[in-house]
Amino acid sequence: METIAVYWEPKIKTYGFKDVSDLSLLAIEFQSGQLPEWGLVLYELGDSEFRFELVLTQLKAENVLQLYLLFERKWEKRLIKHINQVVRKDGGETFRIISPVELVYFFGPHFGERYGIADSVFKTLTPEAIPVLVASFSGSIVYLILPEGMAKKAKVLLAETFKVP
Amino acid sequence: MERMRIEGIKLGGELVAVTFRNLSNVEDHISRFCQILAKNQINLIFLSSSNTGENAQVTFCVAIEDQVQVKALIADEPGLAPHVEFISSVGLLSIFHHQFSLKMLGLILNIFGKMHLPLYGFASSLSTLTFITDYDQLDRAVKTIQKNLAVSSDQIYLKPETRVIQSREVKE
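First to last, the protein sequences are chains L and U. Residue numbers for the first sequence follow my numbering, beginning at 1 and rising by one. Residue numbers for the second sequence follow my numbering, beginning at 1 and rising by one.
So here's chain L without its partners, still in its complex pose (with noise of 0.2 Å):
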């Protein structure tokens, strides 16, 4: 059976925009194999205060991963020396940190079943210069992570695009 809702909207709704600012990024690589050992060190790193602020992961190239933690940056010496303990430079992982970082997010009503809204944000953010480091559409949520004082920026130019309650 099939329903038809009809809907139409001169600007794509959204709740509302948030940005976070003071975050780390850190981007491990390594063998897709060894993804459970990953595992257990962030679940050794995990306690009630240290918590993400987004994860993500894409395959590099065969049986390589690469995971990206965003995180507030006053848990980034913890985290550095504990990676540092347990990264297997000989097996070929490697690690860095983008630091500072800011994130901004969106939501919005079936954004993961429409197309159009990854366009409508790099169309808008892409001639203004905004580097997108890192980009996360998944379900209905929008996740940007930008250098150091772009958040604000690109929180106005989006606020163009799309409409904000």
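Don't take every hint at face value.
Said to hold, decoys possible - With a Cα cut of at most 27 Å, we get these calculated BS3-like pairs of lysine-lysine: (1) L:Lys-153 x L:Lys-163; (2) L:Lys-74 x L:Lys-89; (3) U:Lys-39 x L:Lys-155; (4) L:Lys-155 x L:Lys-123; (5) U:Lys-39 x L:Lys-123; (6) U:Lys-114 x L:Lys-60; (7) L:Lys-60 x U:Lys-10; (8) L:Lys-89 x U:Lys-114; (9) L:Lys-13 x L:Lys-163; (10) L:Lys-81 x L:Lys-60; (11) L:Lys-13 x U:Lys-10; (12) U:Lys-71 x U:Lys-39; (13) L:Lys-18 x L:Lys-163; (14) U:Lys-71 x L:Lys-60; (15) U:Lys-39 x L:Lys-163; (16) L:Lys-152 x L:Lys-13; (17) L:Lys-11 x U:Lys-39; (18) L:Lys-123 x U:Lys-71; (19) L:Lys-123 x L:Lys-60; (20) L:Lys-123 x L:Lys-163; (21) L:Lys-13 x U:Lys-39; (22) U:Lys-114 x U:Lys-10.
Read the hints as simulated data drawn from the structure, not as lab findings. It should be emphasised that the depicted structure is a prediction, and the values quoted were computed from it without experimental measurement.
Dock chain U against chain L, hints included.
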């Protein structure tokens, strides 16, 4: 490692994953390609991009029925075609709620890694961790997760019962 409680598991439909690697001018390419997909009314069900120095990369998923059209559109783009890899068929497995907990994230990655399933990417959203793996392995993944995490069987949505699509007809 303790057996932590999750609130549910959700599976998506059959998709194709498309990855561009080693792109130069990655932002111009992403912007242009998203524009092409929007013009052709093709929905990006999942997208991740990274441009943090070397080896800029974009991975996205589209519905399996859009595969032929997407391949043709990429073939028409000389700046993109040499950098593309297609993986079909894949599916999305979403686990919620992650609670932004490193402990929960680590546990789930540990379990997922031990399953020896192909992992083409994953990303968090406000409450969910969404994994891209082989479509025909989704049911096996659910069974393994059930063994290792506490989740009620009525909180597993094995296949989507309804599908929402944006019509290609626009009436003003």
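Hint-by-hint comparison with the structure:
Annotation: proposed proximity of Lys-153 (chain L) to Lys-163 (chain L) holds, straight-line Cα distance about 16 Å (limit 27 Å). The hinted pair formed by Lys-74 (chain L) and Lys-89 (chain L) meets the criterion: a straight-line CA distance of about 25 Å does not exceed 27 Å. Among the hinted pairs, Lys-39 (chain U) with Lys-155 (chain L) is consistent with the structure: their alpha-carbon atoms are about 25 Å apart, no more than 27 Å. Using a Cα cut-off of 27 Å, the hinted pair Lys-155 (chain L) and Lys-123 (chain L) holds, with the two alpha carbons roughly 14 Å apart.
Proposed proximity of Lys-39 (chain U) and Lys-123 (chain L) is supported: the alpha carbons are some 13 Å apart, at most 27 Å. With a C-alpha separation of about 20 Å, the suggested pairing of Lys-114 (chain U) with Lys-60 (chain L) holds against the 27 Å cut-off. At most 27 Å may separate the alpha-carbon atoms for a hinted pair to count; Lys-60 (chain L) and Lys-10 (chain U) meet this at roughly 26 Å. Taking the CA atoms of Lys-89 (chain L) and Lys-114 (chain U), the gap is about 22 Å. The hint holds against a cut of 27 Å.
At roughly 5 Å between alpha-carbon atoms, Lys-13 (chain L) and Lys-163 (chain L) fall within 27 Å of each other, so this suggested pair holds. With a C-alpha separation of about 25 Å, the suggested pair Lys-81 (chain L) and Lys-60 (chain L) falls inside the 27 Å cut-off, and the hint holds. Proximity of Lys-13 (chain L) to Lys-10 (chain U) is assessed by CA-CA distance (about 25 Å); at most 27 Å being required, the pair is judged to hold. The hinted pair formed by Lys-71 (chain U) and Lys-39 (chain U) meets the criterion: a straight-line CA distance of about 15 Å does not exceed 27 Å.
Restraint check for Lys-18 (chain L) and Lys-163 (chain L): the C-alpha separation of about 14 Å stays at or below 27 Å, so the hint holds. Straight-line distance between C-alpha atoms of Lys-71 (chain U) and Lys-60 (chain L) comes to about 21 Å, which keeps the hinted pair within the 27 Å bound. For the hint linking Lys-39 (chain U) to Lys-163 (chain L), the alpha-carbon distance of about 21 Å falls within 27 Å, and the restraint holds. Only pairs whose Cα atoms come within 27 Å are accepted, and Lys-152 (chain L) paired with Lys-13 (chain L) is accepted, the gap being roughly 19 Å.
Under the criterion of a C-alpha separation no larger than 27 Å, the hint pairing Lys-11 (chain L) with Lys-39 (chain U) is consistent with the structure, at around 16 Å. About 22 Å separates the Cα atoms of Lys-123 (chain L) and Lys-71 (chain U), which keeps this hinted pair within 27 Å; it holds. For the suggested pair Lys-123 (chain L) and Lys-60 (chain L), the alpha carbons sit about 26 Å apart, so the restraint of at most 27 Å is met. Between Lys-123 (chain L) and Lys-163 (chain L) the alpha-carbon distance is near 16 Å, which keeps this suggested pair within the 27 Å criterion.
This hinted pair checks out: Lys-13 (chain L) and Lys-39 (chain U) have alpha carbons roughly 19 Å apart, not beyond 27 Å. A hinted pair counts as satisfied when its Cα atoms are at most 27 Å apart, and Lys-114 (chain U) with Lys-10 (chain U) qualifies at roughly 20 Å.
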